[in-house]
Amino acid sequence: MTSYLVDSNVFIQAKNLHYGFDFCPAFWDWLVQKNRASRVASIEKVADELQAGEDELAEWATERGDEFFLPPDDSVLPALRTVSDWASGHGYQPAAVATFLQVADYWLVAHALAHECIVVTHEVPANTTSKIKIPNACIGLGLRCMAPYEMLRRERARFVLGMGRAAA
834 MTSYLVDSNV FIQAKNLHYG FDFCPAFWDW LVQKNRASRV ASIEKVADEL QAGEDELAEW
894 ATERGDEFFL PPDDSVLPAL RTVSDWASGH GYQPAAVATF LQVADYWLVA HALAHECIVV
954 THEVPANTTS KIKIPNACIG LGLRCMAPYE MLRRERARFV LGMGRAAA
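Residue numbers (this note's numbering): 834 to 1001.
These are calculated hints, taken from the structure and not from any lab test. Positions of the beta carbon are idealized from the N, C-alpha and C atoms, including for glycine. Not one of these hints is a red herring.
What follows is a list of derived Cβ distance ranges for each label pair:
| no. | residue 1 | residue 2 | range |
| --- | --- | --- | --- |
| 1 | L994 | T932 | 41 to 47 Å |
| 2 | I972 | P927 | 17 to 23 Å |
| 3 | T961 | G898 | 31 to 37 Å |
| 4 | G922 | G995 | 49 to 55 Å |
| 5 | C857 | P958 | 27 to 33 Å |
| 6 | A885 | V993 | 29 to 35 Å |
| 7 | E889 | A931 | 30 to 36 Å |
| 8 | Q846 | R987 | 16 to 22 Å |
| 9 | S871 | D918 | 28 to 34 Å |
| 10 | P911 | A931 | 19 to 25 Å |
| 11 | N960 | C857 | 32 to 38 Å |
| 12 | V957 | A885 | 20 to 26 Å |
| 13 | V936 | G995 | 37 to 43 Å |
| 14 | F992 | P911 | 37 to 43 Å |
Using the sequences and the hints, build the whole thing.
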């Protein structure tokens, strides 16, 4: 069964743009439902980033806890080394490697590698040595990576109004 690990920027952009809590609660309910079915999750380090915002998204992340935002387990630790070795050995500037190894992206990629998950992010690959992008790391490590819209389509998410009329 395919499972998806979601990057911070997916949650942040969803809240700020397309799926605000106030007008599209179905998106957030869908995430929780898919998490209960072991299809969608994220990691503890992403929750830490979201909780730093001290807003509605921070509250949502806190309420989900470690059932949604997975802590690292024993299989993630060796994967961290693999990801670190990859980042250090692919021509990135030392500052780019140092930054990558200090943020949630590093842990997200390692968790995906350890558990054979698909990484979901708004980031796109970039041909640069000054920043390690999640898709570049995924490609380099043989992981699948996709945009959230592709995940929603693959999972056949549907956010439809009920049978009643929508308010004008």
